[in-house]
Amino acid sequence: RGEHRARRTAMPTADPSLRHSKVTPIRPPAKPLRLPDWSLRAGVMVRSFAFLLAVWWVIALIRNNPIQLPDPGAVWLALVELAIEGEVLEHASVSASRLVLSLLIACLLAIPLGFLMGLSTRAQHYLDPVVELLRPVSGIAWIPLALFIFGIGNVLPVFIMVYVAFFPLLLNTIAGVQGVDRKLLSAARTMGISRVATLRHVIAPAALPTIMVGLRLAFAGGWTAVVAAELIGAPSGLGFAVEWYRGLLMTPKVFAFIALIGVVGFFSDLALRALQRRITPWTEGTGL
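Take this note's numbering: the last position of the sequence shown gets the number 444, and nothing is skipped along the way.
Mixed in with the good hints, there may be bad ones.
Here are the computed distance ranges between Cβ atoms for each label pair [to be verified]:
#1 L272 x P292: 29 to 39 Å
#2 F306 x R219: 31 to 41 Å
#3 G403 x A360: 26 to 36 Å
#4 A360 x R433: 35 to 45 Å
#5 E237 x A360: 43 to 53 Å
#6 S253 x R434: 17 to 27 Å
#7 S253 x L404: 49 to 59 Å
#8 K339 x A198: 38 to 48 Å
Quick caveat, the hints were computed from the structure, so don't treat them as lab data.
Even for Gly, the Cβ is constructed at its ideal location relative to N, Cα and C.
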């Protein structure tokens, strides 16, 4: 007992001044601030555009011929002048309305036909040779014949755009329908779901991401085709404006409309991508 008492008296005692002090917890290191993805993408786009403008400016300085290649400053002033005069809005609205009408017609024709060919082997065997025969023919190749049939007006560019937009929509719809997971179809048949309900609730949602890719490709092809068709067979629109000012040797205005065509196409594709992510959220991060 005496030895145990000696051990207790030999143990160190806590400092009374530390009894009531607060212990500060060790905080983990703060995570570095990360910018949102959209701001990073916007920064990359700004740098890309800046590099393109710099290269353009250098080439224009080297050429030193504003009739052949005006510098970006002259093109910007021409674009501002055209916007003030109302020509930008006038021609852009005409071309955009033709494109929207053409895409609507192409969707009404290509998507149902794509579902038919994707679901029916017999229909695909009958129709696929015709599709593959017409698909390699460029829409621009039909302009002389369409000009002879339809004349100069709105019908010719709409026909060319429908033709160009039809095939990407059709092929992507067929691929989307045929790429539906067979396990989902087997599960639907096991549960006794009707063919119409299976088409509506299983096949159509599963094929939608691929159809949206086809819609983007159809838009890109149609937007290119409308400019080509308006160069020859339309009395208005962006393509008509390019050809009109080319004949007047007003090159800055020609480049202004060309730049406008590119900008409208770029931001329209961004809008289609946003729509695709909104209606098909399961494709987020897949690169579609």
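Against the structure, the hints come out as follows:
no.	hint	in the structure
1	L272 x P292: 29 to 39 Å	22 Å, violated
2	F306 x R219: 31 to 41 Å	40 Å, holds
3	G403 x A360: 26 to 36 Å	49 Å, violated
4	A360 x R433: 35 to 45 Å	18 Å, violated
5	E237 x A360: 43 to 53 Å	48 Å, holds
6	S253 x R434: 17 to 27 Å	24 Å, holds
7	S253 x L404: 49 to 59 Å	26 Å, violated
8	K339 x A198: 38 to 48 Å	40 Å, holds
The structure does not agree with the numbered hints 1, 3, 4, 7 stated previously, though it agrees with the rest.
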